[in-house]
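Chemist: Residue numbers (full-length UniProt numbering), protein chains in the order written: chain V, 1 to 417; chain F, 1 to 432.
Hint data in this document are derived by calculation from the structure and do not stem from the laboratory. Warning: the hint list may mix true and false statements.
From chain F, some residues computed to sit far from chain V (all C-beta separations above 12 Å) [said to hold, decoys possible]:
no., residue
1, Ile-102
2, Arg-198
3, Thr-215
Okay, the calculated bits of chain F under chain V, using three or more residues with CB under 8 Å as the criterion [to be verified]:
no., segment
4, 18 to 32
5, 91 to 99
6, 269 to 278
7, 312 to 324
8, 366 to 374
Quick caveat: nothing in here was measured; it's all calculated off a predicted structure. The beta carbon of each residue, even a glycine, is placed where N, CA and C say it ideally should be.
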Amino acid sequence: MTKMLQHSGYEEERLQRVAELLPCREVQAGMLLSLMGQPQQCSYPSIFIYGHRASGKSHVMQVLLKELELPHATVSCVECVSVALLFEQVLLSFFGCDAASLLPRSPSLSDFVRIYRQHCSQTPAKQTRYIVMEKAELLRDTDANLLPALLRLQELVDDNVTIILLSEIVWDKFRPNTGCFEPLLLHFPDYSKGELQQILSQDKHPSYSAEFYSSYINILLGVFYSVCRDLRELRHLAALNFSKFCEPLAEGKVKETDTHKLWRNIEPHLKKAMQTVYLREVSSLQWEQLQQMEERECGALRGLSAHTHVELPYYSKFLLIAAYLASYNPARTDKRFFLKTCFSYKINKFVVDSRVAPTASIFSQISSLVTLQLLTKVSHDDQLDAPKYKCAVSMDFICAISRTVNFEIIKYLYDFL
Amino acid sequence: MIICIIGFIDVQVQDILRERFCRQQLPDRLEGVEAQHKHLLELLKRTAVHGESNSVLIVGPRGAGKTMLLKCVLRDLLEEKEAQKNLLQVHLNGLLQTDDRIALKEITRQLHLENVVGDKVFGSFAENLAFLLEALKKGDRSSSRPVLFVLDEFDLFAHHKNQTLLYNLFDVSQSAQAPVAVVGITCRLDVLELLEKRVKSRFSHRQIHLLSNPTFPQYLERVRTQLSLPDRFPDQEFCQDWNDGTLCEDKSVQDVLQKHFNSSKDFRSLHMLLMLCLSRVSVSRPAIRPADLLEASRLCFTDSKANMLHGLSILELCLIIAMKHLNDVYEGEPFNLQMVHNEFKKFLQRKSNSMYNFEQPVIMKAFEHLQQLELIRPVDSTAAKTQREYQLMRLMLDHSQIMEALQKYPQCPTDVKQWAMSSTELKETFWM
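Put together the whole structure using the sequences plus the hints.
Modeler: What follows is the structure, encoded as structure tokens:
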């Protein structure tokens with residue numbers, strides 16, 4: 001496997017170390033190395049690397065650049081809310097802080113190129129400089145000239161610099177209208193099931209054998225592989241659930257080799273994880289706590305989602321229920337309506353039923369429901385006298401709400417009559 | 001001993017060819033554009049030597065060699081002593097100088113007149129430009145030195161407010177203020193439509209087109225030239241062997257080059273292909289073989305979306321198949337998650353596949369992942385008004401891409417494959 005990484009421009013033992021740090025990615029690393037060439041040679045002005053999340057793009061780049069000690073600047077486009085941050089980061093990495101400080105208040109691309117040119121004429125690149133941009137799809141949302149300019153940066157600054165863009169979106173969705181300098185496209189394929197098994201098994205716990213952990217990973221992949229192939233997510237799930245897997249072993253009930261019993265113990269637990277932790281309905285901390293009190297309390301998990309966390313005042317709940325009924329019941333079923341979607345009149349029904357005075361505070365709660373995005377406004381902003389709203393919650397949610405006020409909403413819904 | 005020599009040679013080859021493919025090194029002579037070269041050289045000579053003002057646009061698709069043409073012409077121009085002594089150059093780029101204020105600052109800087117301008121404030125752009133050109137006069141002669149303005153990405157300057165820079169530059173080139181040559185480089189063939197009437201009238205309407213249309217044998221010759229090593233290569237024997245290589249005579253290589261020729265004839269895509277071949281040259285293989293070219297071509301023509309489909313989970317793939325069925329039945333009408341889920345449930349019921357019976361939120365997460373990959377896109381961007389499950393989406397893949405991806409998908413379950421192919425048969429029988 002280490003045979004793949006060979007290049008006359010770099011020391012063999014360094015390449016060996018790189019190969020060890022990049023399991024299952026030797027082919028891609030080799031490809032990148034051959035494109036990069038000798039450190040002092042120039043490379044193609046821009047390279048676009050695409051592939052699924054957690055397919056090793058950033059990892060391979062970082063390992064290569066750090067281990068081989070090549071001059072580089074890594075920028076995450078998520079952090080660069082303004083282009084100034086991007087320019088600063090690049091100038092800082094290549095020329096130090098005095099170059100970065102030369103940038104004016106809100107620098108334009110013109111300023112950046114000018115300062116870069118100044119400095120690279122003083123300190124020309126002895127080795128190819130690399131600028132790695134992660135989450136490059138966000139560059140599409142910045143100024144229209146930034147992406148095309150970055151792709152031809154080598155030409156604009158007249159220096160031995162190469163831009164490497166990393167993204168999970170394909171290049172076809174990046175191309176500007178009038179075209180641009182086309183980068184070299186490189187694909188990082190997804191890990192196969194076997195490769196995932198190999199990589200995940202490397203995280204083995206010191207107090208258990210490698211085969212034991214391997215069998216655990218096998219079971220985990222069996223449950224989750226058809227739904228998720230993201231290495232990061234799988235590692236997270238593996239780390240969270242391992243203690244539960246080892247529980248019967250720790251309690252002395254089974255031996256390491258009793259795979260069937262271990263499977264029976266962990267499988268329902270993993271299934272529940274799919275509905276909660278995987279969906280981020282429950283935080284990892286809550287999950288770990290839950291595992292400890294599993295046997296004693298099988299209460300419902302207090303999820304993270306809006307469903308269980310919204311606490312509405314009493315009248316707001318009724319307003320919401322009224323809104324739901326008004327939105328989903330056809331108008332003709334209630335002869336008291338003469339405006340189709342406006343549900344203000346529905347409130348009268350409840351007001352009459354529960355003898356509550358329709359005060360302004362009741363109606364102000366409508367606007368707070370809109371802020372919570374439980375209602376959406378469908379009328380124009382200029383129609384102040386008859387605003388129209390629509391209910392934006394699901395059936396489950398409204399059933400949960402109506403249960404808390406002892407109101408049987410099913411009896412009032414047209415579709416259920 | 002021999003290994004050392006070979007080891008050194010592959011580095012030398014890489015050095016030379018990388019300069020050519022990556023750094024766009026100027027060749028000694030440009031092929032196929034002799035007429036354009038002559039025309040441009042004449043024009044610029046008239047400005048640089050005889051003090052005549054001119055304007056011209058170099059128009060051609062991306063990668064046609066416009067910048068290279070200009071650079072070659074400049075190189076030849078500056079061989080004339082007088083031109084070299086007098087000509088001043090200002091290079092502007094539409095991508096960098098995004099508005100006229102920045103452009104003016106850049107012009108000042110490139111003419112080295114920052115100190116002369118100092119803190120002066122000008123009433124208008126025209127005033128400022130006139131001042132700069134006047135300042136050039138106070139050299140040794142009574143008349144101003146000739147200035148060459150090169151405007152790369154010329155079409156972007158046409159989007160500036162009032163096209164002030166363009167108006168003023170062309171105005172100067174028409175009046176007898178100073179000998180000025182304005183050369184615009186653009187990829188837009190309709191560039192004149194972008195100019196305002198008053199700007200267009202001051203432009204000389206001189207255009208140099210680089211719309212070369214080589215025949216396939218000419219293209220093959222171009223490949224050979226691009227790959228050949230120059231005479232000044234240190235190891236003459238190796239150079240001879242390399243240049244005499246029969247790579248371009250190989251049948252499979254010619255087929256591959258024909259495919260590239262059919263898709264685009266420009267230099268840039270050729271350089272990309274040759275760069276990929278070059279990267280495979282190493283100590284152990286100091287030559288480009290047909291297999292290298294085939295592999296490089298395969299990389300160039302690979303379908304990116306198909307590659308991404310290969311990495312989807314089974315659940316996500318099933319959702320895509322469900323969307324495909326919806327597209328087939330409803331002829332491309334947009335769908336939402338609920339509709340896709342219902343379609344998926346039909347598959348589950350038919351085959352009693354409890355294996356894929358996931359909860360709605362899990363399916364939602366898979367659906368969201370597809371949205372993040374931009375394989376599906378919302379129909380309108382105002383997505384906030386409706387609930388996520390009911391937002392209408394469109395699939396950004398076509399039928400053949402999905403079917404091809406299914407064939408290549410690793411360990412695709414047979415029932416999923418059958419489901420994908422089934423409804424087309426059903427549809428056909430129905431319409432018969």
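Chemist: Would you mind marking each hint as holding or not holding in the structure?
Modeler: Evaluated hints:
no. : hint       : result
1   : Ile-102    : violated, 5 Å
2   : Arg-198    : holds, 24 Å
3   : Thr-215    : holds, 24 Å
4   : 18 to 32   : holds (count 6)
5   : 91 to 99   : holds (count 6)
6   : 269 to 278 : holds (count 4)
7   : 312 to 324 : holds (count 4)
8   : 366 to 374 : holds (count 4)
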